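*Asks:* Here is how the chains run, residue by residue.
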Amino acid sequence: MAEEIRLAQPKEYYRAFLEKEVRPDDRELGEFRPTVLNIGCVSTAEGSSLVKLGNTTVMCGIKAEVAEPRYGRPTEGYIVPNVELSPLSSPNFRPGPPPEQAQVLSQNMVDFLDTSQCIKLDSLCISSGKLVWVLYIDLVCLDYDGNVMDACTLALMAALKNTSLPVVTVDEDTGDVKTHLSTHSSLSVDSCPVSTTFIVFDNTVLLVDPTREEELLATGAVTVVTEGDNLCSVYKPGGSPLTDEQVEMCVERAFVRGKEATALITDTLCSIDR
Amino acid sequence: MVLCVRTKGSSAGDFTHAQHKSAARRGQRLSRADDTHVAGEGTYVRGGFIYSSLVGWLNELKTEEQKVTLTVQTEDSCTVIPTIDAVVTARVTNVNPRFCKCAILSVGTSPLRDVFRGMIRKEDVRATEKDRVEMHKCYRPGDIITARVLSLGDAQSYLLTTAENELGVAMATSEAGVNMVPVSWCKMQCPKTLNEEFRKVAKVQPEYIEYVRS
Amino acid sequence: MPTDTRRIQGPETSNSPYDFCPTATSDPALLEKQRLDGRDSAQMRPLFLRAGVISQARGSAYIEMNQTKAICAVYGPREVQRREDFSLKGQLTCQFRFATFASQHRRQHQQGNQEKDLSVQMLEALEPAVCLHKYPKSQINVYVTVLQHDGSVLSAGILCASLALASAGVEMYDLVIASSAAMYNDLTISDPTVQEEQAVLSRVGKGSSGMLTVAFMPSINQVSAITSDGGIQFDTLNKTVRTVIDNCQKLYPVLQQTLVKHIEEKKKGISSK
Chain U
1 MAEEIRLAQP KEYYRAFLEK EVRPDDRELG EFRPTVLNIG CVSTAEGSSL VKLGNTTVMC
61 GIKAEVAEPR YGRPTEGYIV PNVELSPLSS PNFRPGPPPE QAQVLSQNMV DFLDTSQCIK
121 LDSLCISSGK LVWVLYIDLV CLDYDGNVMD ACTLALMAAL KNTSLPVVTV DEDTGDVKTH
181 LSTHSSLSVD SCPVSTTFIV FDNTVLLVDP TREEELLATG AVTVVTEGDN LCSVYKPGGS
241 PLTDEQVEMC VERAFVRGKE ATALITDTLC SIDR
Chain Z
1 MVLCVRTKGS SAGDFTHAQH KSAARRGQRL SRADDTHVAG EGTYVRGGFI YSSLVGWLNE
61 LKTEEQKVTL TVQTEDSCTV IPTIDAVVTA RVTNVNPRFC KCAILSVGTS PLRDVFRGMI
121 RKEDVRATEK DRVEMHKCYR PGDIITARVL SLGDAQSYLL TTAENELGVA MATSEAGVNM
181 VPVSWCKMQC PKTLNEEFRK VAKVQPEYIE YVRS
Chain C
1 MPTDTRRIQG PETSNSPYDF CPTATSDPAL LEKQRLDGRD SAQMRPLFLR AGVISQARGS
61 AYIEMNQTKA ICAVYGPREV QRREDFSLKG QLTCQFRFAT FASQHRRQHQ QGNQEKDLSV
121 QMLEALEPAV CLHKYPKSQI NVYVTVLQHD GSVLSAGILC ASLALASAGV EMYDLVIASS
181 AAMYNDLTIS DPTVQEEQAV LSRVGKGSSG MLTVAFMPSI NQVSAITSDG GIQFDTLNKT
241 VRTVIDNCQK LYPVLQQTLV KHIEEKKKGI SSK
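Those sequence lines, one after another, are chains U, Z and C.
So in my numbering, spot 162 of the first sequence is number 162, and the numbers just go up one at a time.
So in my numbering, spot 127 of the second sequence is number 127, and the numbers just go up one at a time.
So in my numbering, spot 18 of the third sequence is number 18, and the numbers just go up one at a time.
The shape of chain U in the complex, shown without the other chains:
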């Protein structure tokens, strides 16, 4: 019977749970799903990671290529992040051009990297005015069960920290490019920003790390990006209005999550090095 109500009247079903301050999957309102991180799982990529947030799975692969720098910005490299919501991941996605949601997520990744300044574009310079690195960051969603945003940002940071590039040199006189496969250098990642997403249910209740079902019922969403003890950005694309206290609560919760996620990345990296 419960399953039938869930199907026919999901909102009422959720209300009954949330009145008791618990979610249908036994989580508290401010509780994240178990997060699993795997770094360096694809050896053909220069950097890679796999994040599981409950059922939600995102794989990130970074391919590095070389190109001429933009005119007027001789030392700046390129970072090109794209989120792919593969038809594998959910019955709602079909093969073809990326849906709007994927485009929004890709742009979110650009903003995330821009505002946090975790990678200086200057550090991607090989030879000023001649050659710079292009980092193609592709995030493939393999299982869509809500909160792909947080899974993507975590996968992105983990993969960046794992990235190692072959040494490329440019001959000053002839302009010949040469790649030395025997030596690698890792990317300098200055900071580790973490995003935390909340949804608003019935205009009042805040839920962290929503599942797909919860996202469908949401009346609004807010994403807070933190970096250590600093607040990077608060992204709230419309939806139901929030009070000051509610936003403050979100930010506080985001700081706690930020520390947990940073620790997770550091721990996983350490276990790989060993």
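If you're looking for bench data, these hints aren't it; they were derived computationally from the structure.
All values reported here derive from a predicted model rather than from experimental measurement.
Note that beta-carbon positions come from the ideal geometry of N, C-alpha and C, so glycine has one too.
Any given hint might turn out to be false.
Unchecked claim - Derived list of chain C stretches under chain Z, where covered just means 3 residues or more per stretch with a C-beta under 8 Å from a C-beta of chain Z:
| # | region |
| --- | --- |
| 1 | 136-142 |
| 2 | 163-177 |
| 3 | 230-244 |
| 4 | 254-263 |
Claimed, not checked - The calculated DSS-like cross-link candidates involving lysine-lysine, where the alpha carbons are at most 30 Å apart (straight line), are:
| # | chain 1 | residue 1 | chain 2 | residue 2 |
| --- | --- | --- | --- | --- |
| 5 | U | Lys52 | C | Lys261 |
| 6 | C | Lys239 | C | Lys206 |
| 7 | U | Lys259 | U | Lys236 |
| 8 | U | Lys161 | U | Lys259 |
| 9 | Z | Lys67 | C | Lys267 |
| 10 | Z | Lys62 | C | Lys239 |
| 11 | C | Lys266 | U | Lys52 |
| 12 | C | Lys134 | C | Lys267 |
| 13 | C | Lys134 | Z | Lys62 |
| 14 | Z | Lys137 | U | Lys11 |
| 15 | C | Lys261 | Z | Lys62 |
| 16 | Z | Lys203 | U | Lys11 |
| 17 | C | Lys250 | C | Lys266 |
| 18 | C | Lys239 | Z | Lys67 |
| 19 | C | Lys266 | Z | Lys101 |
| 20 | Z | Lys187 | U | Lys11 |
| 21 | U | Lys52 | C | Lys267 |
| 22 | U | Lys11 | Z | Lys101 |
| 23 | C | Lys89 | Z | Lys101 |
| 24 | Z | Lys101 | U | Lys20 |
| 25 | U | Lys11 | C | Lys266 |
| 26 | Z | Lys203 | Z | Lys67 |
| 27 | U | Lys236 | U | Lys52 |
| 28 | C | Lys268 | U | Lys52 |
Given the coordinates of chain U, assemble chains Z and C onto it according to the supplied hints.
*Replies:* Positioned in the frame of chain U, the structure of chains Z and C alone reads:
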């Protein structure tokens, strides 16, 4: 060729339900297709043998005349699709004077993972006074209805009917957004505003649905 | 090339750093020597299989053959989206993709010719095995994504899809098992890696060399698809088909065990709820 492997004693506790069950693999040869063995669901006959077409649990059902029907079942009957004469639960999505469209949510008790489109024509709404049916007095978008599959319909949707007392609106919300209570076969009342709204109300009887399904 | 406005764009042209160093991949001596990973010529790579990896899909599977990694999801039977003629027979669709980071050189987001070819080959291998008459008016979608490409991707894709279809509870006559081999003169290499594939294909036209993939249904003893590239002597091809079918027979119990494990786990999951 290995015949079906019955589960061994150690793990039998996990598997034995009522009859004897064992894991059947896809394409596994289960038995000879002869006078005493009949191929049931989840199996197919080829070259005088019964093979499994699913990965699941093998069931041997003894029927009269000493016959044994072999069926293979999966844990969740997840590959259900609407079939003719099945009772389905659907949500009304679109109503116009000639027909209404709906999204089929479940077939019998098995919920569908993906909705299938269904359509109820004006003449299939009820059994009596078919020509005086007014669609908007029977269904509104958002109503949850039970209906029977009449035919596979056209390329787009299944054709459904509610021309039985037990079929029609099972759940509906009023204009005030509250679940309504049926008051007659053609009216429902909002407990908050006490306004009455017209619907083709189903006389929901669990036993009946159980009976129809069997 | 037209610009893709729906994705974040990089610079107009960029090159892989691996273009600027000597490559060892098409080394002609590669085939005569011992294989790089130390296998015998007839030895296959160890197989890691897992069913039920994607929560949203009806059925799913993950496969690892050392460095070849692929994931597959099956959706359906569901409604046919585009308006087409009424059909009492179900429809099967396959989409085969490489992740952009799956090979040493980056791939584009749009589906390339190789991917389209592989999609069709996979569809042809799987279609004979699915009882499509049981799913009137519906569509079954198979999506395969190769996460890392290290040779024999077509057979990995078919194995993975076959497992995913089975875990989805789609009725089939038999599991489809696929295996690949590379041939060079008298030499036959089972389950080649990407380097071996390239070495063989770079020598097409110089003697008998090519690639072969066979899809086979062991229990009803039928071949559902044979694909070969390159120029191969008829006798060699015949002999290799037999070898590859033997390899398929070896893989059959591995897939079955994975599936039995999967349904037992599922049963435990349901009873513990």
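*Asks:* Hints first: check each against the structure and report whether it holds.
*Replies:* Each hint tested on the structure:
Only residues whose C-beta sits within less than 8 Å of a C-beta in chain Z count toward coverage, and the region 136-142 of chain C has 3 of them, enough to reach three; the restraint holds. Residues of the region 163-177 of chain C with a Cβ under 8 Å from some Cβ of chain Z number 10, which satisfies the need for three, so the listed coverage holds. Proximity of the region 230-244 of chain C to chain Z, defined as three or more residues with a beta carbon under 8 Å from a beta carbon of that chain, is not established by the 0 residues found. Judged by the Cβ-Cβ criterion of 8 Å, the region 254-263 of chain C is covered by chain Z as claimed, because 5 of its residues qualify and three suffice.
Taking the CA atoms of lysine 52 of chain U and lysine 261 of chain C, the gap is near 23 Å; set against the 30 Å cutoff, the hint holds. Among the hinted pairs, lysine 239 of chain C with lysine 206 of chain C is consistent with the structure: their alpha-carbon atoms are about 20 Å apart, no more than 30 Å. A distance of roughly 22 Å separates the Cα atoms of lysine 259 of chain U and lysine 236 of chain U; the hinted pair therefore holds under the 30 Å criterion. Taking the CA atoms of lysine 161 of chain U and lysine 259 of chain U, the gap is near 16 Å; set against the 30 Å cutoff, the hint holds.
Between lysine 67 of chain Z and lysine 267 of chain C the CA atoms are separated by roughly 29 Å; this keeps the pair inside 30 Å, and the hint holds. Between lysine 62 of chain Z and lysine 239 of chain C, the direct Cα distance comes to roughly 48 Å. Violation of the 30 Å bound is thereby established for this hinted pair. Between the alpha carbons of lysine 266 of chain C and lysine 52 of chain U the distance comes to roughly 20 Å, so the proposed pair stays at or under 30 Å and holds. The hinted pair formed by lysine 134 of chain C and lysine 267 of chain C meets the criterion: a straight-line CA distance of about 25 Å does not exceed 30 Å.
Between lysine 134 of chain C and lysine 62 of chain Z, the direct Cα distance comes to roughly 25 Å. Compliance with the 30 Å bound is thereby established for this hinted pair. Under the criterion of a C-alpha separation no larger than 30 Å, the hint pairing lysine 137 of chain Z with lysine 11 of chain U is consistent with the structure, at around 26 Å. Between the alpha carbons of lysine 261 of chain C and lysine 62 of chain Z the distance comes to roughly 28 Å, so the proposed pair stays at or under 30 Å and holds. Pair hint lysine 203 of chain Z plus lysine 11 of chain U holds up; C-alpha atoms about 25 Å apart against a cutoff of 30 Å.
Between lysine 250 of chain C and lysine 266 of chain C the CA atoms are separated by roughly 26 Å; this keeps the pair inside 30 Å, and the hint holds. Between lysine 239 of chain C and lysine 67 of chain Z the alpha-carbon distance is near 46 Å, which puts this suggested pair outside the 30 Å criterion. Restraint check for lysine 266 of chain C and lysine 101 of chain Z: not satisfied, since their Cα atoms lie roughly 36 Å apart, outside the 30 Å limit. Pair hint lysine 187 of chain Z plus lysine 11 of chain U holds up; C-alpha atoms about 25 Å apart against a cutoff of 30 Å.
Annotation: proposed proximity of lysine 52 of chain U to lysine 267 of chain C holds, straight-line Cα distance about 24 Å (limit 30 Å). Straight-line distance between C-alpha atoms of lysine 11 of chain U and lysine 101 of chain Z comes to about 23 Å, which keeps the hinted pair within the 30 Å bound. Between lysine 89 of chain C and lysine 101 of chain Z the CA atoms are separated by roughly 24 Å; this keeps the pair inside 30 Å, and the hint holds. Simply put, lysine 101 of chain Z and lysine 20 of chain U have alpha-carbon atoms about 37 Å apart, too far for the 30 Å limit, and the pair is violated.
With a C-alpha separation of about 28 Å, the suggested pairing of lysine 11 of chain U with lysine 266 of chain C holds against the 30 Å cut-off. Among the hinted pairs, lysine 203 of chain Z with lysine 67 of chain Z is inconsistent with the structure: their alpha-carbon atoms are about 40 Å apart, more than 30 Å. Between lysine 236 of chain U and lysine 52 of chain U the CA atoms are separated by roughly 24 Å; this keeps the pair inside 30 Å, and the hint holds. Only pairs whose Cα atoms come within 30 Å are accepted, and lysine 268 of chain C paired with lysine 52 of chain U is accepted, the gap being roughly 23 Å.
The structure shown violates the earlier hints numbered 3, 10, 18, 19, 24 and 26.
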